[in-house]
Amino acid sequence: MEVFGIPTALLGSQLLIGLINGSFYAILSLGLAIIFGLLNIINFAHGAQYMMGAFVAWIALTKFGVDYWMALVISPILTGAFGIVLERTMLRKLYKLDHLYGLLLTFGLALIIEGIFRDQYGISGQTYEVPEALSGGVNLGFMFLPIYRGWVVVAALAVCFFTWYMIERTKLGAYLRAGTENSQIVQALGVNVPLLITFTYGYGVALAAFAGVLAAPIFQVSPVMGSNLIIVVFAVVVIGGMGSILGSIVTGLGLGLIEGLTKVIYPEASAVVVFVIMVIVLLVRPAGLFGKS
Amino acid sequence: MTSAFSPHPEILRITDLHSFYGESHILHGIDINVHQGECVTLLGRNGSGRSTTLKSILGLVGKRSGSIMVDGVEVINVPTHRMARLGVGFVPEERAIFASLSTEENLMLPPLVSSGGMSVDEIYDLFPNLYERRNSPGTKLSGGEQQMLAMARVLRTGAKLLLMDEITEGLAPVIVKKLGEVITLLKLRGFTIVLVEQNFRFAAPLADRHHVLEHGEIIATIPQAELAGKMDWLHQVLGV
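As they're listed, the protein sequences go chains Z and X. Heads up: the first sequence begins at 995 in the working numbering, then just goes up one per residue. Heads up: the second sequence begins at 162 in the working numbering, then just goes up one per residue.
Note that these hints are calculated values from the structure, not bench results.
Below, simulated SDA-like cross-link-like pairs (lysine to any residue); rule was C-alpha separation at most 25 Å, straight line:
hint, chain 1, residue 1, chain 2, residue 2
1, Z, 1165, X, 317
2, Z, 1165, X, 246
3, Z, 1165, X, 247
4, Z, 1165, X, 240
5, Z, 1087, X, 239
6, Z, 1286, X, 302
7, X, 224, X, 182
8, X, 224, Z, 1189
9, Z, 1165, X, 296
10, Z, 1090, X, 237
11, Z, 1165, X, 295
12, Z, 1286, X, 298
13, Z, 1165, X, 243
Coverage of chain X stretches by chain Z, computed from C-beta distances (three or more under 8 Å per stretch; other residues unrestricted):
hint, segment
14, 246 to 253
15, 309 to 322
All values reported here derive from a predicted model rather than from experimental measurement. The beta-carbon is built from N, C-alpha and C at its ideal position, and this holds for glycine as well.
So here's chain Z without its partners, still in its complex pose:
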């Protein structure tokens, strides 16, 4: 069977890969958007924190026998706690300065974290087995769907929906949205904004770590896995609109699918299609597709 001359099995598998990549883009750009919205910091350490999430899961498994399901909970908590320490000891000193200072500090932190992991574990990747309950696949007729990859898409969508719901539909989210607009007045109204900022950063980092655990069985657990991904994720954030929650989710998934389609239609362009879109968006709508100018 073919669609526009393309075999459906090929189209389906590339769209699935695109959707999986898009799921990682969505979770990571969502974390970046939340952090930028409230802290005004472009968190360049996000890729390193995603890598840390994967490594914590791998270390927990190989050293302590902690299985995948427990790692999905423990790794975001531990990595998020590490983020909270970073926020309390370093980032909060930069809030009143230009975005550039936060970007430079987190860029430096990313290099340091990556360097430590390179030193300890080398550059070659570590394997992390797919959990037994999610191994194997399902024949959909037009393509073969590995169960774990389907799980990644479902888990990513669930986490994105949960985060969106918390921000858009709860009192805590109202504090966050209002704090993004005018944190001084929100403080004057009785909300502990410094604490809110600390936990927001911790949650953003935990999201990156969650994506890292999801990625561990698909990609090799390697010190450079974050830096390979983070540039694309920043492009996603720019296209969606800096600080836009819905923009991050929709753009992340959408660009993953576009990347997948490009691999079928014109494979040579698949590595740059996201950046081409970013350039066009910056020229036509600099605030991003979902951003407010």
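Given chain Z, work out where chain X should sit, using these hints.
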């Protein structure tokens, strides 16, 4: 603390307050006492330090020194978010209605700090426009409605000391009249109000006492009973 001359407890006592924005010394030793149920105004030209006095009470300035007692508690080192918990409600000059929240979300945003705040029904009775537009984004309201919302959101919290900064600025006379009626009602209900105003005609009949500021200092304090005799001088100082 209860004054020997007033049956009402002292809600706010500011003593020798100095405030700074960076290297700029803005307030030079402000002294103000306000008792429960009183309304006092801070009058002065632009840049005289009126809004900075309110922001200093809340800790929204770079640095401050001196003493600020709220209901007998020293708050000069208390962080901003805890001031609301001490019963201080702030209505900022720029209104600060949040664009990403609906009117009702804006109204419900501040945490309740004590019992005795107005219920949502009472607030909607007081400001029917807010009820009609409760689902509209906060910044889609008219200027007058946004001002009503900025006042309403602190009335719900149980705050007893209201710091109001230029609430009539840029509003139509009919809205200004409505706000005057609301302040009269709030006084009757026992709220203590510190009102920063440029619109002297609005503030004059409402306040028990007027503090006139110039260059970060209080140059005169005029009780309501003495206001008539000081009108010419006030007009000259305020440039109205």
